[in-house]
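2 protein chains.
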Amino acid sequence: MRVAILAHEQFPERAKTAVGVLRYGDQEVVAVLDRDRAGDSIREYLDEPRIPNAPIVAGVEDAPEFDALIVGIAPIGGGFEASWRPDVRGALERGCDVYAGLHYQLNEDEEFARLAAEHDCELVDVRDPPDDLTVSEARAREVDATVVLAVGTDCSTGKMTAAMELREAAREEGLDAAVVPTGQTGILIEGWGIAVDRTISDFTAGAVERMVQAVGDHDVVFVEGQGALAHPAYSAVTAGIVHGSMPEKLVLCHEAGRQAVHGYESFSLPPAEEYAALYERFADPVAESAVAAGMLNTSGIDDDQQAREAIESYAEAIDAPATDPIRFEASAVLDTLV
Amino acid sequence: MRVAILAHEQFPERAKTAVGVLRYGDQEVVAVLDRDRAGDSIREYLDEPRIPNAPIVAGVEDAPEFDALIVGIAPIGGGFEASWRPDVRGALERGCDVYAGLHYQLNEDEEFARLAAEHDCELVDVRDPPDDLTVSEARAREVDATVVLAVGTDCSTGKMTAAMELREAAREEGLDAAVVPTGQTGILIEGWGIAVDRTISDFTAGAVERMVQAVGDHDVVFVEGQGALAHPAYSAVTAGIVHGSMPEKLVLCHEAGRQAVHGYESFSLPPAEEYAALYERFADPVAESAVAAGMLNTSGIDDDQQAREAIESYAEAIDAPATDPIRFEASAVLDTLV
Numbered sequence: 012m013r014v015a016i017l018a019h020e021q022f023p024e025r026a027k028t029a030v031g032v033l034r035y036g037d038q039e040v041v042a043v044l045d046r047d048r049a050g051d052s053i054r055e056y057l058d059e060p061r062i063p064n065a066p067i068v069a070g071v072e073d074a075p076e077f078d079a080l081i082v083g084i085a086p087i088g089g090g091f092e093a094s095w096r097p098d099v100r101g102a103l104e105r106g107c108d109v110y111a112g113l114h115y116q117l118n119e120d121e122e123f124a125r126l127a128a129e130h131d132c133e134l135v136d137v138r139d140p141p142d143d144l145t146v147s148e149a150r151a152r153e154v155d156a157t158v159v160l161a162v163g164t165d166c167s168t169g170k171m172t173a174a175m176e177l178r179e180a181a182r183e184e185g186l187d188a189a190v191v192p193t194g195q196t197g198i199l200i201e202g203w204g205i206a207v208d209r210t211i212s213d214f215t216a217g218a219v220e221r222m223v224q225a226v227g228d229h230d231v232v233f234v235e236g237q238g239a240l241a242h243p244a245y246s247a248v249t250a251g252i253v254h255g256s257m258p259e260k261l262v263l264c265h266e267a268g269r270q271a272v273h274g275y276e277s278f279s280l281p282p283a284e285e286y287a288a289l290y291e292r293f294a295d296p297v298a299e300s301a302v303a304a305g306m307l308n309t310s311g312i313d314d315d316q317q318a319r320e321a322i323e324s325y326a327e328a329i330d331a332p333a334t335d336p337i338r339f340e341a342s343a344v345l346d347t348l349v
Numbered sequence: 012m013r014v015a016i017l018a019h020e021q022f023p024e025r026a027k028t029a030v031g032v033l034r035y036g037d038q039e040v041v042a043v044l045d046r047d048r049a050g051d052s053i054r055e056y057l058d059e060p061r062i063p064n065a066p067i068v069a070g071v072e073d074a075p076e077f078d079a080l081i082v083g084i085a086p087i088g089g090g091f092e093a094s095w096r097p098d099v100r101g102a103l104e105r106g107c108d109v110y111a112g113l114h115y116q117l118n119e120d121e122e123f124a125r126l127a128a129e130h131d132c133e134l135v136d137v138r139d140p141p142d143d144l145t146v147s148e149a150r151a152r153e154v155d156a157t158v159v160l161a162v163g164t165d166c167s168t169g170k171m172t173a174a175m176e177l178r179e180a181a182r183e184e185g186l187d188a189a190v191v192p193t194g195q196t197g198i199l200i201e202g203w204g205i206a207v208d209r210t211i212s213d214f215t216a217g218a219v220e221r222m223v224q225a226v227g228d229h230d231v232v233f234v235e236g237q238g239a240l241a242h243p244a245y246s247a248v249t250a251g252i253v254h255g256s257m258p259e260k261l262v263l264c265h266e267a268g269r270q271a272v273h274g275y276e277s278f279s280l281p282p283a284e285e286y287a288a289l290y291e292r293f294a295d296p297v298a299e300s301a302v303a304a305g306m307l308n309t310s311g312i313d314d315d316q317q318a319r320e321a322i323e324s325y326a327e328a329i330d331a332p333a334t335d336p337i338r339f340e341a342s343a344v345l346d347t348l349v
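Residue numbers (my numbering), protein chains in the order written: chain A, 12 to 349; chain B, 12 to 349.
Worth flagging that the hints you see were computed from the coordinates, not collected in a lab. Any given hint could turn out to be false.
Identical copies look the same in the list; a pair holds intra-copy or inter-copy alike.
To be verified - Straight-line alpha carbon distances no greater than 25 Å define the calculated SDA-like cross-link-like pairs of lysine to any residue that follow: (1) K260 to D330; (2) K260 to A124; (3) K260 to S342; (4) K260 to S277.
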């Protein structure tokens, strides 16, 4: 499938769905739409061999031929920005499907629904959960696999990345490893999953339990976490994932230097050691669990040596090995997890 | 409004909505429907002056004339039991409205919707949340009121009762006190509110924030909690309420003698002192909060002296004054809360 990815004004730092699909998806990306960076190319921002060097364009009219448009950004609250409308409209008029993972449902947008019908293409809201979810029975531990949950100190700290990179590292070691995708980017990459932040809160843990059971027996299952346990707005989602997945081990993801909750800057992040202890203490009554590794996003640090030092002090704080799975290797922490 | 309350096979111990409406609602209750206790009367089970002594009957056909049927029980999972169908059908055929707080939506039941239309009566699903909820902005603390949140060690430990009894006790002291109802029973009693366990998990904290803001400035606001922070299935709901309401004080509700999670008996409840510390530690990064009082449901203890002793040892465990607001007085713990 040839895709264009919409990431206006936010590529790449605040376009985590776009970057996730570029890095881990098996779609062929022909362009990124970002009107602020039109004329540049993807590799100028993300210099990784696995990432294709497609052009960045101002809108669908400048993109090479493609089969589907993916909305690759998600603002706080999951709304649809009016300024994206011409591109979605243009994609549908060209007969292309549109994928999005917003709270705003494209299928419920009158204009988009009409255009999709007219041009015989599909609107795919990957955040729309199944309607037969139920309460958790607290049986995720019965799966024959080491369940490892990637949690974070905040949103956008690399939980999805941790799960994807750890699966790859585990497979390279010859292990049978799987991922449970719990958010729109993971679902777009994997082609299945439930956006747990969109589930009814009574069923949030149950949705995660269902996915852990569905993915079934493996050597190791890496569950993508969401939100953060001390997040003022999203802790409900996180709580449901921690108790629903009943992990044996936790990987705590953090962005180097981040000291306050993104978008809620008056709320300080607890120190890493306290945050790790909070996750363990919260998990324990349902499923005893330990922070066994850390992932530190050091993309904001220019110097490799400084990045290594930041990782070392993070590892010391959480009392577990740590790495930056993008700058360095996820495999550095695999031994403590499997 | 004259109401009959459906509570088949579960009155009164496992019919908390029925008991809540009987105790705190301003509806005129003309009958309770419980086929196992037909021929008895309410006071044989609940001997409180404020509770009306209406008959218990086997079904709507035996009930005195009424205006609305309230479904007064809620099984784990919030489903609709087939054995309740004749009573709901019968109520609608008599031209009565039907109120329910189930996950199962009466309005989406074809037969009920048709009967309601035919007989010009209403199906009221009080658990149906507004469809314009958003993420929390973490601003509940800006309300000019002492916000007190009733939390629990499990479901059905008396959180709603605590909120209602504390409001009454505060008003008797001359304080301007309000309740924020977060569950179906509270909503049925108060005539407003949002069933937070039915909200999209990303918006759970936001729904609670909205209610705290809506109830506005008072001397003290008692927020009804839901679920429990160490509950394998419902912790997402609880997490959203704790962070969304940003309480200054917590009241920890517990049922004397309960040692395991109801319905999840392989999961032990953490000891009360650990549970109190878990709530505080979880709340702190968003809103510093202290367990300032305890409520112990001693209805399973026959002897008053033994009940007092149980309350004393519970108070010692959580290091805060405690009471049983039904058997004794909620006012016993009011001073530490307001």
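Status of the hints after comparison with the structure:
1. For the identical chains of this complex, K260 and D330 are intra-copy neighbours only, at 14 Å inside a copy versus 33 Å across copies, given an alpha-carbon limit of 25 Å.
2. For the homomeric pair K260 and A124, neither the shortest alpha-carbon distance inside one copy (43 Å) nor that between copies (48 Å) is at most 25 Å.
3. In this homomeric assembly, K260 and S342 come within 25 Å of each other (Cα to Cα) only inside a single copy, at 16 Å, whereas the closest approach across copies is 45 Å.
4. Taking the closest pair of Cα atoms, K260 and S277 come within 25 Å of each other only across two copies (21 Å); inside a single copy the shortest separation is 31 Å, beyond that limit.
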